[in-house]
Amino acid sequence: MLTFSEARHLVSRTGLGVEWDSVKKLEGLTREKAVEVVLNPAPAPIRPAPAFTPWHKLEPMRDISAEGRKDAWSIAQTEGKHLQGWWIAQMLLSSSPFIERMTLFWHNYFPSSIQKTLQPSLLHKQNLMLRQHALGNFRNLLKAVARDPAMLVYLDGYENVKGRPNENFARELLELFTVGSSEYGQADVKAVAKVFTGWGVDQSGNYVFNADQHDGSPVTVLGRTRAFSGDELIDMLVEHPKTSERLVERVWQQFVSGNRPDKLTVQSLAAQFRRADYDIKALLRAVFNSPQFWESSSRGTLVKSPVELLIGTVRMANYPRESIGEMVNLCRLMGQQLFDPPNVRGWLGGEHWISTQTLLVRASYLSKVSRGNLNRRVDTGLRLPPKNQQEMLEWMLAVPPVNKLPDIPGNRRLANALMLDPAFQVS
Amino acid sequence: MNRRGFLKLAGALPAAGLLPELAWAAERKTKNKTEASEKLVSSSKRQKAVVLIKLAGGNDGLNTLVPQRDYSQYAKYRSLAKVPEHKLKEFPLDNGMSVNPYMTSLRRWWEEGDLAWIQGVGYPHGVLSHFRSSDIWETATSAFEHSEIGWLAQVLPQYKQGLHGIILGEGLGPMAGKDCHTIAMQSPQVFLSQVDLVEDIQPTDRGSPALRHVVNIQHQLHDAGKQLREKMSNPQHLAGFSTSVLGRKLESVAQMILNNVDTAVYKVEHSGYDTHANQINVHNNLLFELAAALNSFGETMKQHGRWDDVIVMTYSEFGRRVQENRGGGTDHGTASVQLVMGGRVSGGRVFGENPRLKDLDGDGNLYMTTDFRAVYGTLASRWFGVNNPWSGFGAVPFV
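Just so you know, the sequences run in chain order A and B. Quick note on numbering: the first sequence equals residues 96 to 522 in our numbering. Quick note on numbering: the second sequence equals residues 1032 to 1430 in our numbering.
Don't take every hint at face value.
[To be verified] Below, a list of computed lysine-lysine pairs in the DSBU-like style, where the Cα atoms sit at most 30 Å apart:
hint	chain 1	residue 1	chain 2	residue 2
1	A	165	B	1107
2	A	358	A	463
3	A	165	A	152
4	A	220	A	165
5	A	119	A	165
6	A	285	A	238
7	A	463	A	119
8	A	463	B	1191
9	B	1191	B	1257
10	A	499	B	1257
11	A	285	A	128
12	A	165	B	1113
13	A	463	B	1262
[Claimed, not checked] Which chain A residues face chain B? A few, computed with CB under 7 Å, are given here:
hint	residue
14	97
15	161
16	210
17	321
18	322
19	324
20	353
21	396
22	398
23	438
24	447
25	451
26	454
27	455
[As the list claims (entries may be wrong)] Computed Cβ-Cβ distance ranges for the label pairs, DEER-style:
hint	chain 1	residue 1	chain 2	residue 2	range
28	A	485	B	1303	53 to 63 Å
29	A	100	B	1417	54 to 64 Å
30	A	184	B	1394	39 to 49 Å
31	B	1237	A	415	53 to 63 Å
32	A	277	B	1236	26 to 36 Å
Treat the hints as calculated values from the structure; they're not laboratory data. Bear in mind the structure is a predicted one, so any value in this text is a computation, not a measurement. Virtual Cβ for every residue (Gly too), placed ideally from N, Cα, C.
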């Protein structure tokens, strides 16, 4: 039976903010049951998309003139901000925060950027695709990623044609998305690029296979020679043991602990994942039910991401929030600009979230959120349900506070102090 | 005014706190330290500083250092976006290149040997995306590597403790990285209002590595705030400083240096260099502003006897296409030039090869001849005196 503090741990690792009601819902359930509740969230509605200039309008603008290029750039910047705001609003309001976290996990695993692509409409489409597969099958997810128009533009796949190969997608498919840098050489990159020639984006911004631009000759990839189709090649790469092991490590560092898991744990989880035919939910089930996930020593070992801090804090106690535009801005200042990861490796995360600069932004944000409240007499909708100090501590922090607690009693004052404690930065 | 003359005058200055530094600077130059001055050295905290100026957007190297000897070849590529030939007499160098005529305010620094140029700087397989190429420059990687750790984050933690860098603006760029203690601010005043919220906390060995990291960084941040509050609560106005946006930023930097803020690097940005259309006037104006701000900065440092403690360096994500486009602008290119200034710069020299205008790559861009990591390596080993992570790229002896 989960104690309050165990239920809190599960919520803090899988939700956005430790919402009191979510913790209470899991308290008293068995581990297995609680994990099932998390893994099977009720479907939540997705907010309507902001208006985007479609690909077939935006892309040709760039070719007309220097002015056209400038206009297209401005449109992409403005609509890119709307897109970021759309996801932040979705994360603030969704009743299934776990889906948002998994979508963000995949966004970081298969990054694409509005700055490289300058196509916010395609990134929006990609986000819908990632959330559709977020708890589905990794094999299908990777096949969808390979066909995703934003990815085709981001990693130049749409310019990869017969006789004029572009190796960008091929290299990252091998190095980042599947087997990793130890397993392949430049000849494999060239061969993989050939297999994906002709995968492009059509007039309406959808995936298209251009048979006349495809080079269907046999190639040798990781020692196997044949005329692979793209999907056959993806199957082969997915089935390579390194692919599942690398995914396990990423899942571990996202949800369990900042430390690398030991080799045996990785291999065992990867084997379970393969036996489940790459069912993402099965992998997460195994991870969340692992003894290491529940060990008290894994509490407070993860640094909250900017998204967790910004959105989670508001959701947790219904604090009044900044405007969406300001939250977009804060996310950037804290180093996690949605739809614009720093590069194709995504955000490094972990301790890298905290530098002198980002900690200053975090502190300013938290103190603004909490102080604004203390001064306001009117009912702000703030909810601090715990009945005493002990409950407050257990609810708000993953580990004991570093600072001394305030002498004057009162939940609000205590909440403010705890939010500014270093322990509030970890999960 | 020479240093000796200034020193006499300085005796009458009310800013008593500055005197030890002045005395030290003068003594060091004459290599005739007295016991008394050595005592002063140890009791004062003179911090050496690198000032980086990012010319954001991609600075046109060919119109910054214009090929005078190869002018006819240059003019073949540029009919609208060219510096007129007769203007090249204003600031000629001794290697067949000539500085943009809107930068003549820097001529005296060149003549005094405090200004150097490095040309042909870039990396193999230059990337033409602003974002990627900026990342490459700021993380000292190759065209095929990705990193989030800035190049200075690989140097500064070896060099000193405490605050490593201050950025006037946004984006940590070359100082990104969890072990590099950097603060970004609009101005010292705005920073001070924010940092008041941060309580001090002593580093601890309790808790997870993640928590210890947060605590350690909070301690660093608090220290930086305390330091700036002490030193920058009432900075003196520096009369006559260039009033452009860049000038204002460099004035803030100058104030922090003169108030002995303990940090090793300052970074400011000068933006607008992405000159795809009607380049000539826009670019000349930018270089004029840049030169004026640098001149003010150098002048101020010299006046206060700190010129030997600073080195200013520009960088940009790339140069521009040799052939101008139809709109009188230039598109993204590769190799470009860097300017270096300071009392200890081996100036009056141009490092690196002149651009080979007849030998362009497939995109019509210049080939790089000096790897930017050799420039970084020089700063690492000769300025900071630390282990050089880029020793494999050679050195450019500008300091």
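- prompt: Which of the numbered hints above does this structure break?
  reply: 2, 5, 8, 11, 14, 17, 18, 19, 29 and 31
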